[in-house]
Amino acid sequence: MTYLVKPKLLRADAPRNALGYTRRDYEGAISTLCAGCGHDSISAAVVQACFDLDIEPHRVAKLSGIGCSSKTPDYFLGNSHGFNTTHGRMPSVLTGAALANRDLIYMGVSGDGDSASIGIGQFAHAMRRGVNMTYIVENNGVYGLTKGQFSATADKGSKSKRGVVNSDTPIDLVALALQLGASYVGRSFSGDKEQLIPLIKGALRHRGPAFIDVISPCVTFNNHAGSTKSYDYVREHNEAVNRLDFILPRDKIEASYPAGSLRRIVQHDGSILHLRKLEADYDPSDRVGAMNYLQERQALGEIVTGLLYVDSGAVDLHRHLNTVEKPLNQLGDAYLCPGSKALDALNAALR
Amino acid sequence: MSQVKAIESSNDFVIKFANVNGSGSASANELFARAIMRMGVPVAPRNIFPSNIQGMPTWYEMRVSAAGWLGRRGGCDLMVAMNPQTWDRDIAEIEPGGYLFYDSTKSLPRSRFREDITVLGIPLTEMCNREYTDARQRQLFKNIMYVGALTALLGIDFAVVEKLIADQYRGKDKLIGANVNALKLGFDHATANLPCPIGLRVERSDGVGDQIFINGNDACGLGAVYGGATVAAWYPITPSTSVIEAFSSYCRKYRTDPDNGMARYAIVQAEDELASIGMVIGAAWNGSRAFTATSGPGISLMQEFFGLAYFAEVPAVIFDVQRGGPSTGMPTRTQQSDLISCAYASHGDTKHVMLFPEDPYECFTLGAQAFDIADRLQSPVFVLLDLDIGMNDRLCRPFDWDDSRRYDRGKVMTAGMLDSGKNFGRYLDVDGDGIPWRTIPGTHPTKGAFFSRGTTRNAYAKYSEAGTDYIYNMERLRHKLETAKKLVPSPMLTPAAQPSRFGVIYYGSTSPAMAEALALLEGKGIHVDAMRVRGFPFADEVIQFIEAHDEVFVVEQNESGQLRMLLLTEGEIDPKKLIRVLHYDGTPITARFISGKIADALSVRKVTPIRKQVAS
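Top to bottom, those sequences are chains A and B.
Numbering-wise (my numbering), the first sequence opens with residue 74 and increments by one.
Numbering-wise (my numbering), the second sequence opens with residue 464 and increments by one.
A couple of the hints might just be wrong.
Said to hold, decoys possible - Derived lysine-lysine pairs resembling BS3-like cross-links, with alpha carbons at most 30 angstroms apart:
(1) B:569 with B:647
(2) B:885 with B:948
(3) A:399 with B:910
(4) B:987 with B:948
(5) A:414 with B:925
(6) A:350 with A:325
(7) B:874 with B:948
(8) B:885 with A:399
(9) B:948 with A:399
(10) A:414 with B:635
(11) B:925 with A:220
(12) A:414 with B:626
(13) A:399 with B:874
Everything labelled a hint here was simulated from the structure, so no lab data went into it.
Note that this is a predicted model, so its numbers are computed, not measured.
This is chain B alone, in the form it adopts within the complex:
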């Protein structure tokens, strides 16, 4: 520690916990993240975990950022090394001048440490063995004990953590006492034996405000409840499973009939993804709002049904929590690599609606909105989030709902309308928007029944292979997808502080890293207009944005630049105009990465930075 100065930072650093999965560390780590938030300091935690149940290494990376940057930063200022298996690489990852916290029960040779970091050891195992006899207790309370020690080391108010435990175990006094006891043992030991607080400190702030802390999958499940979904059919797959678990638990809470305890919803765990989407289509054909949640391999399996829903014009909502592909790929790593397989899913000429939420708040709002769009268009709607948003708790705006809002059930012809003599042609474009009217089975004894099918038909749903009927239908479908451009959420524009010839387009979980990257670039005098795409087919503004700039960076988390491909195809853009910025190693994209790539590209283009005049 002689040659490098220890890092000094208040409310702006990265802590990484190296744990063994299945050891109960996740809840302790989350408790610690919440404690920092209760101090009013924004935190962005991320689970980095293997596709495994027990015994493999797992990490919990926690970015503390006074400025509220919630993207992954990269690097590690304080390593909480609780896993001997990964010790060497964990030690190597610490920034020069950083800190190492470890269990010092077993002494380690000096060669296993580094000279340029501060080492903070506590004999956690020894303390636990002294305090507890039960093996499981020894394990679980060891986690709480290190939380206690870290509380002291970072100067966090002990009472805040104590209160958090009391809130968490409200009504279970025994658990509160035991946890607080373990917390205090760790806190006191660190206070007595270590230089508390260290250079990294958490100081009370007001950076959290009224934000909530939730993960995207839970928010999707809640969005489906608020969006009026009554049928969910699914097949377990990482990282989407918890969407349904959340839907199920919110339904139990909000959709249980108070009079008789019966369910105003139906959830079926199907035998596979094919059956899941089949059930969704059957339910939606029959007038229920229905959805499934899946990930890349499920999207591949559902392809045939997507084509049926598109062509027979049946609504469906699909939450696709993207993970690393292709094939089984990286099941527990994040990517945005399903855009192409969703956009044109199934054989023949198809095109599908996609929504790209940036965070849990949008998982909720766009998740709910997806059901309106699907009903309005009578077509599948894909909500594409990814593991980074889906499985990590994230600070975001609190959810809101306008009670005057009514579900848009789309063009559903009722018995009364049929009786009044309205001309019903299931595939007839009577309104000029490409969207036909439908009837729900059971509507009328003698009018409005039709035979849905994946085969071609005429405007009155009668089987037909006549070229004119086929073309009428295909052109109407194309027209319908044009209509969709106005229904998907509009893109969000962030103009640069100075006029710029350069733009950047991004979407989904890239959002927090992008916001920070723009600030970093601006700090260097590099100005780039930014547009966040929220839906597909692209709204006209997206294409206009590209046309208004000389060159546009397209930042995404896949290897082939899938959004860029869609922009080129759908916008008929000159490929030279769109510059790829691609991050696809399975970790969430960082601001450092984005700003570095953009700055490098612009320096090649000899763009002179414009630094803001500082007012004197």
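For reference, chain A alone in the conformation it holds in the complex:
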């Protein structure tokens, strides 16, 4: 429960990042989610990613909608401002926030109910506008807070805890994001932090709309036999196309890779994405290829994960709008108000 004070005991030898912060400085309130919830693993991955990237917590704004997943921003980055908005409408609030201050890092956290049902419109339009953000969907295929109804990402034929079989076609947010113009698209699994943490890091350092669909089993309502979003099912069907190592420009690259097995992508800020290929022919810079590959594998019942698409040269909404470099929320009166002289001239023209 969030109103409990979290003990701030700290080991003297706790590792510190370049800013002198420990991992603890990136944590938030104690989670109120069910024990074993995949969402808590994602929160932990966010904490680790921000710690590793030496991000100042207060330079992050975390926004969410409504649902179990949308509660999680309270459970990480306690020194960041957060905004738990309305159901399905986080993308618009995040867009507005990003317009106001282009210098902060925007993290949108949502769920499959929040983004694929009520919020599918806002999800779609934030992607196509090119909002500079990391948008994570914690995807468990069910509505947890209202006790286990299917969500729009539940697979056809998937069985609910009560034994109802879903007859509706699922929405694949990854496929949508690719089609709509997201410039960094990944899918991962809450049970695979080795894969998830670097994906989040790459997204945080990406300029443009970065989308990560994280399959995150609901231990209470969707972790039974017959579910396609259970821990067991996802582990069995997870087909990673690549493994990502995220490398900051300052890092020394030590690992060596066999020739031809590595794809090196430099992002706009100099950060490097090292993609160890697991699928030899998979090209993450080919959007149409990625879409085709996803469709083919999905038909075979596979869950394709990894960094599926990245456009390292993407430009964002601020570039489209040609806004000034200085954040709009920091422009003083003199930069905003044309003053009485301009008004006199305008009056004269209106006579």
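Chain B: place on chain A using the hints.
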């Protein structure tokens, strides 16, 4: 024309242009209105148009009033009938003794005219076909040609119109020449063939002074620029769209960085009204001044977000250009029917600030002020204008701005304040005015961060369902809205010439018609104190005004008496005291209507008119 005398009037009449929309008539009609103003005579034009792009009937009604009455008068003294589709009803609308101007190219049977009007025909189509070969030119110059003919008929100085055209097309000499040529063809033909000038005349006057001519939507857009708005998110909807278009064009002019051409503003056309208000709330949460412009259907769609902004305490400015409701209603007609849906917008117990500008001048000043109030209160502020003010050019006071004025950003705690040890509780009432302090994201590495939410919380923004926390918060919000009464613009009082037991309350676009109605009533010896409400929650003076009178008329342009409902509820007034005067057919309210209703009501009450003693 035998039995009825032709109307004779100088600088006081109504001309109505009946056109087909999409025919280019709007700019010609506006040119004519401006010409009359250049003669120093006040003009109040109004577009009456359908929800359609091309081919449907549209009217441009122009009231010429030496006395400066800018409300709609009603009736028509001179009909410029350019639309065969609406001919019969246009002819029927002319006042007895009035005038008809028409295109006489095709002869019409006598039965299509009236005996009691003066008919003035010019073969416009024939003249255009002779002069121009291009179809579009024939159409556009036909409009300018009738402006030329009317210039002669009303005795307007040709040079004034000529100069106006030169001003309008400055730098485009070819266009000036072509337009002046068409104007002259019409002018000369009328002079040679018609009894110029007719009984209706425009004579040089000095009734315009330094007033400017602009519509309310443009003024709102300008007000948002001066008010410091940097983010606008919107979705197109009649009749509010041009608010954003104006903001955009004024921003290009005034907010483009001179060094690099970059924008000191961001405008996003959202996917719907929900996203528009969501973006506004996100931007304002993050410390930018942000607004949207919409109309009734948009207000309905935004309800959930209004509740979030109210409860999470995020500023937002909403320009609501009201149109006829409910539902899609009358998209191109005017009404004041969104008061209730704005005042208590969203589920649960909410209350919102509303401002009611009377004209473009106040659209600008209250529009700019709305941003200060929203930041100060950390709550949504609705600027409620309507189609009548928003989409019609109106004469008004010139805009003014005090350069020493600084934006009131409200209670924003800075990093320095946090470091100095100030106690920060996001929802803590430390100043006793119900308004808490806020921090903007990114302020301080370790202090002042909080989690905004629509759920209940304690004074330190921690999730809480404890009844005491909930009540503390709700009572503080109520207190905050009490504070708002002092922040909204105060009401304007117009005392009657004689002490009166009767009052009248009105607001927004009713203002010019009301001013004229008061003069009409006074002329009949009926004295009524008048108060124009400019903001909600109501300032104490509004309630005191009601208490000081036996009965108060509440004049508004909706069917249910929405301001009256708010007065009854908020002021705990006896319903019998407030008498409805309601006009809601979609046309702007008139002085004739208001004064008629009030005079009738008072005659029932056997109020003896007090006529002023004429000094001998």
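Hint check results:
| no. | hint | verdict |
| --- | --- | --- |
| 1 | B:569 with B:647 | holds (22 angstroms) |
| 2 | B:885 with B:948 | holds (28 angstroms) |
| 3 | A:399 with B:910 | holds (23 angstroms) |
| 4 | B:987 with B:948 | violated (36 angstroms) |
| 5 | A:414 with B:925 | violated (48 angstroms) |
| 6 | A:350 with A:325 | holds (21 angstroms) |
| 7 | B:874 with B:948 | holds (18 angstroms) |
| 8 | B:885 with A:399 | holds (28 angstroms) |
| 9 | B:948 with A:399 | violated (36 angstroms) |
| 10 | A:414 with B:635 | holds (27 angstroms) |
| 11 | B:925 with A:220 | holds (25 angstroms) |
| 12 | A:414 with B:626 | holds (26 angstroms) |
| 13 | A:399 with B:874 | holds (23 angstroms) |
Checked against the numbered hints above, the structure breaks hints 4, 5, 9 and satisfies the rest.
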